[in-house]
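Peer 1: The lines below spell out each chain.
Number of protein chains: 4
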Amino acid sequence: MTKNGLEIIEELESCVRSYVRAFPTVFTKARGYKMWDEDGKEYIDFFSGAGALNYGHNEPNMKKKLVEYILDDGITHSLDMASSAKAEFLEKFNEVILKPRDLDYKVMFPGPTGTNTVESALKLARKVTGRTEIISFTNGFHGMTIGSLSVTGNSMKRSGAGIPLHNTVTMPYDNFVSDELDTLEYLERFLEDNGSGVSIPAAIILETVQGEGGINAARFEWIKKVDEICKRWGILLIIDDVQAGVGRTGTFFSFEPAGIKPDIVCLSKSIGGYGLPLALTLISPELDQWKPGEHNGTFRGNNHAFVTATEALTYWEDPTFEKSIQDKSATITKFLENMIEKYPEMKGHLKGRGFMQGISSDVEGFSEKVAEEAFNRCLIMETAGGHDQVFKLFPPINIDEAGLEKGFELIEESIKEAIKQMNLEKDTVAN
Amino acid sequence: MTKNGLEIIEELESCVRSYVRAFPTVFTKARGYKMWDEDGKEYIDFFSGAGALNYGHNEPNMKKKLVEYILDDGITHSLDMASSAKAEFLEKFNEVILKPRDLDYKVMFPGPTGTNTVESALKLARKVTGRTEIISFTNGFHGMTIGSLSVTGNSMKRSGAGIPLHNTVTMPYDNFVSDELDTLEYLERFLEDNGSGVSIPAAIILETVQGEGGINAARFEWIKKVDEICKRWGILLIIDDVQAGVGRTGTFFSFEPAGIKPDIVCLSKSIGGYGLPLALTLISPELDQWKPGEHNGTFRGNNHAFVTATEALTYWEDPTFEKSIQDKSATITKFLENMIEKYPEMKGHLKGRGFMQGISSDVEGFSEKVAEEAFNRCLIMETAGGHDQVFKLFPPINIDEAGLEKGFELIEESIKEAIKQMNLEKDTVAN
Amino acid sequence: MTKNGLEIIEELESCVRSYVRAFPTVFTKARGYKMWDEDGKEYIDFFSGAGALNYGHNEPNMKKKLVEYILDDGITHSLDMASSAKAEFLEKFNEVILKPRDLDYKVMFPGPTGTNTVESALKLARKVTGRTEIISFTNGFHGMTIGSLSVTGNSMKRSGAGIPLHNTVTMPYDNFVSDELDTLEYLERFLEDNGSGVSIPAAIILETVQGEGGINAARFEWIKKVDEICKRWGILLIIDDVQAGVGRTGTFFSFEPAGIKPDIVCLSKSIGGYGLPLALTLISPELDQWKPGEHNGTFRGNNHAFVTATEALTYWEDPTFEKSIQDKSATITKFLENMIEKYPEMKGHLKGRGFMQGISSDVEGFSEKVAEEAFNRCLIMETAGGHDQVFKLFPPINIDEAGLEKGFELIEESIKEAIKQMNLEKDTVAN
Amino acid sequence: MTKNGLEIIEELESCVRSYVRAFPTVFTKARGYKMWDEDGKEYIDFFSGAGALNYGHNEPNMKKKLVEYILDDGITHSLDMASSAKAEFLEKFNEVILKPRDLDYKVMFPGPTGTNTVESALKLARKVTGRTEIISFTNGFHGMTIGSLSVTGNSMKRSGAGIPLHNTVTMPYDNFVSDELDTLEYLERFLEDNGSGVSIPAAIILETVQGEGGINAARFEWIKKVDEICKRWGILLIIDDVQAGVGRTGTFFSFEPAGIKPDIVCLSKSIGGYGLPLALTLISPELDQWKPGEHNGTFRGNNHAFVTATEALTYWEDPTFEKSIQDKSATITKFLENMIEKYPEMKGHLKGRGFMQGISSDVEGFSEKVAEEAFNRCLIMETAGGHDQVFKLFPPINIDEAGLEKGFELIEESIKEAIKQMNLEKDTVAN
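Residue numbers (this note's numbering), protein chains in the order written: chain A, 5 to 435; chain B, 5 to 435; chain C, 5 to 435; chain D, 5 to 435.
Since the hints were derived computationally from the structure, they do not count as laboratory data.
Among the clues, some could well be false.
Intra- or inter-copy, both count: the list cannot distinguish identical chains.
[Said to hold, decoys possible] Below, computed lysine-lysine pairings styled on DSS-like, alpha-carbon distance capped at 30 Å: (1) K67 - K265; (2) K7 - K265; (3) K229 - K67; (4) K235 - K295; (5) K424 - K327; (6) K295 - K7; (7) K103 - K68; (8) K96 - K45; (9) K420 - K229; (10) K68 - K7; (11) K110 - K7; (12) K103 - K338; (13) K228 - K110; (14) K38 - K327; (15) K351 - K410; (16) K33 - K295; (17) K110 - K33; (18) K7 - K96; (19) K228 - K103; (20) K38 - K67; (21) K327 - K295; (22) K38 - K235; (23) K67 - K410.
Let the sequences and hints guide you as you build the complete structure.
Peer 2: In structure tokens:
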């Protein structure tokens, strides 16, 4: 190449590109929680592909299995024909994940991305119930194709549709209006009053922790109550666990601590284990009323991803794995609480749960500045929320203590630098 | 495994699965145009992953590059951050494909599947024009998410949405009504009469050869005329080249012989080369008006696919490659014409173009029977069309003569067997 | 009043007003086919309230009945409570209109205007069939509320909605594309091909002669064939007879000569007889599946209109009445044919049927000029069509020969003047 | 007639009819607050055509003017051509109503019914703002055509559409969730959070007192706050005063005591004075951006209604008229409060405002029973609310004291009888 990579991308790639603007370097290699760019510079990754790399980059066991599979001419692409790689994945997923949790879902491969699984879930819910409406929540994020976008809250994303988005009703997520208001009392009033203009929907779709929407974690009792409302009114409950699932919040499924069994579960991102495109739609057996081929897609049989996904499940055979995530989550919480207390200038609030935590700053532009400074210190970290008001920690869930500590160190430095650059010391005194 | 693969799939996978029903065996390995199942049985693949495997299975050069990349801990997943694999792909795609064809498209990575690129194209067309309607064509197939499904003709697929599909108008594809009727005269009447109920749309979306819809090939002069209509009325032209592109019809882009330059081009399936999920949306520079992140997706940076896609482009550096596809296409045409003449009982009509040809039989159930018998003879071949009236030949475009001949042989046997089983000899006499 | 009427209207009425711009005077009185303005100037009315005044203005018998009813404190407004005026109307409508035509419709009062009856018809068709789509025709006009507007072709009217209009498909009306093309072959191809993107609709809605759309008269065999298609596919047929009904085309219902019995018929405009707001939706008994009050409206019981509507039906008791309309229709046809032949400069084509005929001129602006000149000569006459290319004759159907002749005379003068002012004599020579 | 009126209606009218079921007799005459059926039985009308007869039946002055006009061959039907009757109405409406209230609205005649004015208001709001969404409120009722139905809350009415209803968001009306909750804090959270899924709408549409929805009266400070929110966010405010306007709540416009000036006001029902179909859309001058004829309708020029509407305005020239309505309103309130206290068995709550008050009973079926017993005693009174839980008093606003007292008497008797028949005395003891 005569031009460097960034120049090529600048010249040839659409202006829709986004993360490359925040992290302007060309990455070449990665392992675990580390990434290297073309100059050999090393980065710590507290972003994890927005939750697609829960096991870190290029995890060695998966890598080994994948290379063997490829070298052996294992079948790569199979639409939805049977392959041994698929059968092995299904069997292990059932044995390691579903059975121990007493779940009897049928597994659908709806195409390999998050928006595919959400679209398939919405279609199935409407088809099975014969109803058209879906209730989603404020600040929910479910995907960019028209069906998923219709249940996504973000106004910039929605306006990208170029058409009005239909057949959905947005209800207030936990704590949306204020800490005191019970948002579900509100929701249920709409269901029970036949003059409310809101008909009984086919389904309610829900993230237990909203990643893109600002790392908003719903309380488990709130989630439990949503489930009860669904049962009371004959509404299907869809949990979109694309980002919060696969261990990100401390359990395989994010909803486990709430003690519920959703009708449909959407999985993608880290289910493939290695960052390869894969998505599952888990369906309660009585709802599996699809006609053959009624939903399809070219890449619903990505066998490379089956191979790594199967290997990734090995983590979950070890009973101490979940415990280790939860312990490290507590470390993250402690670190963030300490930061909030130590740096009141940033007016921070703790957000999220598990490996999906962050700080929401009331100071406009502060969180963006922290993320920017973190990148200057070779830490990859993203912001979230409608005004990018949250900087969020998304390290791999199998990161070691040293990696966590190193990241914390860089974050604290970035916070300090951000406070300094934004002259927040004075502001605080003034207040 | 104690159960065999088919039993596991039967038990655990959703009943939406389809191809596994037509090809009930568990595949394990594949190379070129050959596949093997778990019993070691060898199959000839005239299906090519519905166009996702134009270079055959596990092409050796791509395989080598991919394994090296993985072993070297090349970055796997990068959202839309810059990676050297992406930059290399962009540069080579520009050098080998765009520049020689005098095309200056900006490249968007809309998520890795066909429906992602179609959704992004529709969104962009609406956003840029400020109009809401899209004109699509009868028997078009563009994907299963709500936006793409709205421009897809198939009634079974459409009813899977569970909601009315909006903002689209279906117009008759070339030869839809009859061979004599000029369907574009019809279309243009709707545009020019301000009482027609059809407003000037944001875009017209078009496959030059409709794969799923029955291997319907539009004449190049018809395609050219669509382009003229678009220019005359200020309508954007979107060519969905997901299936017909990447050499399937004899040129890299299927529309090249029509002498047009679409405003937006959708690519997926074989663009990744190796059967790995990848999709591109090619956008005329002046239309590239996305805001950063206005359309996004977790797997829009699938670096494994960038690596194999880059290697796949090497084929196109060789000026004889296109010629070889076209020569073999002629062989396929000759074979099919011969079959139609030799077996009038099947009442066959030649359909399609290039490596996307087939026979439409007027005898109900005949084509399905041929495909079934082909599978019994270890040839993988699919049917197409609203009533599965077409059996279609989709071998890899780099198949050798021997492979083609072997396939032809099995197909002729299958035709003969189908005629026999359906007692068509008598029918013919009776006619 | 210190200001005159036109000044008041200019100052206080919304700019949406339209006819007052073409006929800029203040009318005060009217009788039969004559109107007078506040200066006492007399006009001949070949417009008839766009078909709402088929019996002329202030018909003496209806007037007498109405005044008696009012003086007697007959109930004026009754929602849908029972009133003697309503019962009398229903009984006479059944005796004089329905029974002799062997029709057994149930009568719905959907609110007093054309758009109310169309909306009720569409709702019922969707409700009864459980389908959402409606097929309407190019240049159809059915009303201005969102449901009716969705099946109306005119782009200016449609864009007034401010939202995309859904759940409808526009098909080509008779002769829409060309005289040769069978538009119904086209329509049926869409129905029979399950990949056409057009699902079987709840209903087809149709005007037998399109008034607003340009006085397009469908051939009776075409209408008959639409009916056959509806029967073949289980589609409901709705005839919108709001403008063409109540004798305007020579029979009470405009569809009678086609020998069909629609599932639902929409009536309004002249059904009240005296120009008072009234509308009926006639429903085949087996389709009358409304829940009580599922469609309602404040003015669905306009008793003054019941009184005049009942009296108006007296005309239809006389078997010679229809004959007289048809005879005079022939006179109109003859006059218009003569004009076309005599004044080739206007490049005129005969349009329409019965008392709903006009001339479509290929000379841009000509028909508007004729209407303008007619007004200057105190003849009220409207244009129609997407480009106002038709001037149309809509006299009352009970007009006498003298009135017709007087109108003809003024129209011929207007044509001559228009030709002169537009210098068409020369043009003709040049051609 | 050989059959009686009810038999004829039963046989010939659609089963959609509703009020005739609650009031099964055939009315023939009416004057003021009295009606008579065909047997000469006299009824007291506390229903007033659901608000269309605010001046009572057949008011003598209007009657006189109307008869004179008809006898004099005054023009009856004029589309939107100028007529002296229209000009006189416009001038008087401006002088008597608009100017004294410092209102400068342009007057649109959108067709003669409530749903016409609502549809025109929604269309205009969308057109002017270029936005598609409308915010309406729980239990709002705005009409039965698709546009108006989309902003109507009642689920039975909505399901009558047969299609999903789009482009609207329902927000909680005052006191919808509970007495404590500030529903507007909730609404505004949705507007201010750009991840809420609710975009800034074109307009908010509002009834100050919801008639059909259960006689829910919003507090004036709540209405005032809605107006402030509209101003803050650049949203148009549409007051649907079809039922609550023209004096029904004590002032000409129901919103006057809130001190607001809506952008658009919808009037119908009693604006015609005599129960004749008429509707107005009042538009702030800067919003009057209609193209000529962009919204039209056959009966937008109902001159009989102009004549009576003009005469009706005479009431409002007398400064004591409003006062008298308010005084009688207080009498109604006092009566109802007394009933609630005197008959605790009915568990009643006072609802509404002005001549639009009623009692909501927590005893299921009680209010319906009261209305039924009232009819048995020759008092016409309707129920309201999603479960018919409210019996409502809607006498004419010009009723005299004697009429009111007579009605009260019959209502108290009906309450007593209902309590007796439903054995509520015991229930109360038990509680």
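Peer 1: Which earlier hints can't be squared with this structure?
Peer 2: Per hint list: 1, 3, 5, 9, 12, 21, 22 violated.
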